[in-house]
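Trainee: Sequence:
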Amino acid sequence: MDTISQREMRNSSGAILRRVAAGETLLITNGGVPAAILSPVPRTVRDELVLAGRLRPAAAALDLAVLPPRIAPAVSTEEILADDRDGR
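Position 74 of the sequence shown, counted from 1, bears residue number 74 in UniProt numbering, the numbering being contiguous throughout.
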């Protein structure tokens with residue numbers, strides 16, 4: 001972990017924030033005494049996928065009330081599997 005002074009943080013904040021955004025953690029000192037640790041915000045897998053352009057967030061939340069009601073199937077899964085196995 002690199003150490004930077006409060007003065008360096010003040011004078012080069014943009015460059016320092018870019019380093020942190022890239023994943024680096026920095027110890028900030030004030031008068032040579034450790035004062036803070038600056039680290040990147042943890043990202044979720046979803047955040048990483050959005051940043052990589054592999055996932056597009058929904059424009060709005062899904063309203064389950066607008067979905068049609070579930071309809072019970074005419075034939076159960078067990079019956080379909082039994083018919084399939086009998087046909088072999």
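Misleading hints may appear alongside valid ones.
Said to hold, decoys possible - Between beta-carbon pairs, the in silico distance windows are:
id, residue 1, residue 2, range
1, T3, L55, 28 to 38 Å
2, E78, S39, 20 to 30 Å
3, R18, A58, 43 to 53 Å
4, V41, A72, 40 to 50 Å
5, Q6, A59, 37 to 47 Å
6, R70, R46, 25 to 35 Å
7, I37, P68, 45 to 55 Å
8, A58, S13, 27 to 37 Å
9, D63, A35, 41 to 51 Å
10, S39, A74, 51 to 61 Å
Hints in this document: simulated from the structure, not taken from any laboratory. It should be emphasised that the depicted structure is a prediction, and the values quoted were computed from it without experimental measurement. Here a beta-carbon is modelled for each residue, glycine too, at the ideal position from N, C-alpha and C.
Trainee: Now look at each hint and say whether the structure bears it out.
Mentor: For each hint, the structure was consulted:
no., hint, result
1, T3 with L55: 28 to 38 Å, "holds (37 Å)"
2, E78 with S39: 20 to 30 Å, "violated (54 Å)"
3, R18 with A58: 43 to 53 Å, "violated (30 Å)"
4, V41 with A72: 40 to 50 Å, "holds (47 Å)"
5, Q6 with A59: 37 to 47 Å, "holds (43 Å)"
6, R70 with R46: 25 to 35 Å, "holds (28 Å)"
7, I37 with P68: 45 to 55 Å, "holds (53 Å)"
8, A58 with S13: 27 to 37 Å, "holds (34 Å)"
9, D63 with A35: 41 to 51 Å, "holds (48 Å)"
10, S39 with A74: 51 to 61 Å, "holds (58 Å)"
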